[in-house]
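If you read the sequences in order, they're chains P and V.
Numbering-wise (numbering that gives the first Met the number 0), the first sequence opens with residue 0 and increments by one.
Numbering-wise (numbering that gives the first Met the number 0), the second sequence opens with residue 0 and increments by one.
Warning: the hint list may mix true and false statements.
On the chain P side, residues computed to face chain V include the following (Cβ under 7 angstroms) [to be verified]:
#, residue
1, Arg43
2, Ser50
3, Ala58
4, Glu63
5, Gly74
6, Glu247
Here are some of the chain V residues that sit facing chain P, going by a computed Cβ distance under 10 angstroms [to be verified]:
#, residue
7, Gln51
8, Leu55
9, Tyr147
10, Asp148
11, Leu153
12, Val156
13, Ile165
Because the hints were derived from the structure by calculation, they are not lab data.
All C-beta atoms, glycine included, are put in the ideal place defined by N, C-alpha and C.
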Amino acid sequence: MTLHPEMAHERCSELLGPLVRGRLTPADTAAVEGHLSGCADCVRELEAVSSLLGAPVEAMDDLERTRLRAGIAGGLRHVVPVADPYVHPDQDDGAPPNLRRASRRRVQPGAWLGVAAATLILFAGALTYLGAGGFVAGGSDQGGAGRSAQSTEGGAGGGIPGARAPDAGEAGVSDRPQMTQKPLIVRGGTKFTEEALSVLGRQAPSFRAFAGVHGPDDVPLLQGRYARSLERGLRGGPVEPCLDQAIEKRPGSLPAYGALGALRGGRVLVLGFVLPSTRSGADRFEVTWWAVGDPGPAIRCPQPLGHARGAIGDGESR
Amino acid sequence: MPGETTDEELLDGWLQGREDCFSELVRRHEDRIFALALRMTGNRPDALDATQDTFLTAARRASSWRREASFGTWLYRIGINATHDLLRRKKGWETLEADPAEAAPAAPPEQGFDESIALQVDLAHALASLPPAYREAVVMHDLGDLPYDAIARLTGVGIGTVKSRISRGRRRLAELLEQPSTPGPSKDR
Numbered sequence: 000m001t002l003h004p005e006m007a008h009e010r011c012s013e014l015l016g017p018l019v020r021g022r023l024t025p026a027d028t029a030a031v032e033g034h035l036s037g038c039a040d041c042v043r044e045l046e047a048v049s050s051l052l053g054a055p056v057e058a059m060d061d062l063e064r065t066r067l068r069a070g071i072a073g074g075l076r077h078v079v080p081v082a083d084p085y086v087h088p089d090q091d092d093g094a095p096p097n098l099r100r101a102s103r104r105r106v107q108p109g110a111w112l113g114v115a116a117a118t119l120i121l122f123a124g125a126l127t128y129l130g131a132g133g134f135v136a137g138g139s140d141q142g143g144a145g146r147s148a149q150s151t152e153g154g155a156g157g158g159i160p161g162a163r164a165p166d167a168g169e170a171g172v173s174d175r176p177q178m179t180q181k182p183l184i185v186r187g188g189t190k191f192t193e194e195a196l197s198v199l200g201r202q203a204p205s206f207r208a209f210a211g212v213h214g215p216d217d218v219p220l221l222q223g224r225y226a227r228s229l230e231r232g233l234r235g236g237p238v239e240p241c242l243d244q245a246i247e248k249r250p251g252s253l254p255a256y257g258a259l260g261a262l263r264g265g266r267v268l269v270l271g272f273v274l275p276s277t278r279s280g281a282d283r284f285e286v287t288w289w290a291v292g293d294p295g296p297a298i299r300c301p302q303p304l305g306h307a308r309g310a311i312g313d314g315e316s317r
Numbered sequence: 000m001p002g003e004t005t006d007e008e009l010l011d012g013w014l015q016g017r018e019d020c021f022s023e024l025v026r027r028h029e030d031r032i033f034a035l036a037l038r039m040t041g042n043r044p045d046a047l048d049a050t051q052d053t054f055l056t057a058a059r060r061a062s063s064w065r066r067e068a069s070f071g072t073w074l075y076r077i078g079i080n081a082t083h084d085l086l087r088r089k090k091g092w093e094t095l096e097a098d099p100a101e102a103a104p105a106a107p108p109e110q111g112f113d114e115s116i117a118l119q120v121d122l123a124h125a126l127a128s129l130p131p132a133y134r135e136a137v138v139m140h141d142l143g144d145l146p147y148d149a150i151a152r153l154t155g156v157g158i159g160t161v162k163s164r165i166s167r168g169r170r171r172l173a174e175l176l177e178q179p180s181t182p183g184p185s186k187d188r
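Chain P on its own, in the form it takes in the complex:
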């Protein structure tokens, strides 16, 4: 190989990877080494490439590995391999037809933002129904969550007297079941605004963005992701057991939202699900919340504190 004087630098840069990988011929190797002897920039580049390719791989720790495998296993439940040799995999919007997911044909893409808003509104309504005015994201110190925390700490602003924002290691609320007996539908007057979102603390904008950019086809990918995110916040709380419990009780339901909050000074896990309609009726959603105060590993999901459900689009959510 001959290195043209004007191209030598760029060409040398291109060949550094193959050089470190041992893929160059002796002639190319000699040519690159010749350039390296007079080019400090390329020597630096070579050092970086060598470091990248030579550094030990950062391994996952046991907990990360467990979470990853659980997340993948959870996602695989929604991936149904069905061989179909007659349709090319590249057809049908890029998703192989032999691996359709059950969720695909159920939920209308536009419904997700509505679900997000309706879930928030209903959950806020449910808390009011339960007599809990203060609701903050666990450990939040900014945005709407911060404002909520202040109001609850002072026992003002609609919060329960004596209620306070939870600490990371705080024990949970009472495990006495407080199931709401009838669906809590909030109709009219409630807008899907930042103020409404702030009751869910700093995680709420994430949810709005989440609903805006993800569709039902993303559920398998997202399921384990937010479960893990919540688990990190809960430091090993019962996210996945609760997720499994809810899905088991309502076959076909699709996880749409997860958040941590506070209720009466204790931490609650909130999970929202879409329940696709089996007929021509509207898709429905349901939000359930559990007390999850005890940090540390949790392998069983406690009894839920409450739930609310409704049809997507209820409550003028958009």
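Starting from the known structure of chain P, arrange chain V on it as the hints suggest.
The following block gives chain V in isolation, referenced to the frame of chain P:
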């Protein structure tokens, strides 16, 4: 027995509905994909998410593997794409708050730290310090072995920009690795 079969046979098993076959593929390749994602994202929670996305995408697209390249190579490409997609989505999506201790790069090594671990910590720090566009291009090309044109298509910039990002990213990476607070890489590695 999944542990004694080839990747190709395992993928065939998955296509026939055997989840244990896919689980075995995960066990075989998870560390490599995680390492790639960690290099690209610079933090462990995102790397885990990207790793999960990679395998679920592979499960979904299993039948599209044309078997011209090895399964590992095909999966690696999916990993690059999945991680790139994750990083792109994150620009408009603030994820749920992760444990800061978990999200931050590991602390610089102390005296007496095992040298191989020190290098990987240094590299993680240095990569995390790179501008994201540089980091992504360098990792895609040098670690992912992706050609310039493929990176250009993925990132939506010209080939010249890709080359420039890679060159500048490498040089910056070398500078960061040479900083006095952290020992430099061994040339013989």
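To see whether the hints hold, each was checked on the structure:
1. Arg43: 4 angstroms, holds
2. Ser50: OK, holds: P/Ser50 within 7 angstroms of chain V, min 4 angstroms.
3. Ala58: 6 angstroms, holds
4. Glu63: Interface hint status for P/Glu63: holds (6 angstroms vs cutoff 7 angstroms).
5. Gly74: 4 angstroms, holds
6. Glu247: For P/Glu247, the interface hint is violated, since the closest Cβ of chain V sits about 18 angstroms away, which is over 7 angstroms.
7. Gln51: 5 angstroms, holds
8. Leu55: This interface hint holds because 4 angstroms falls under the 10 angstroms limit.
9. Tyr147: 8 angstroms, holds
10. Asp148: Violated - the Cβ of V/Asp148 stays beyond 10 angstroms from chain P, reaching only about 12 angstroms at its closest.
11. Leu153: 15 angstroms, violated
12. Val156: V/Val156 check fails; min Cβ-Cβ to chain P is 17 angstroms, beyond 10 angstroms.
13. Ile165: Holds, because the Cβ-Cβ distance from V/Ile165 to chain P comes to roughly 7 angstroms (cut-off 10 angstroms).
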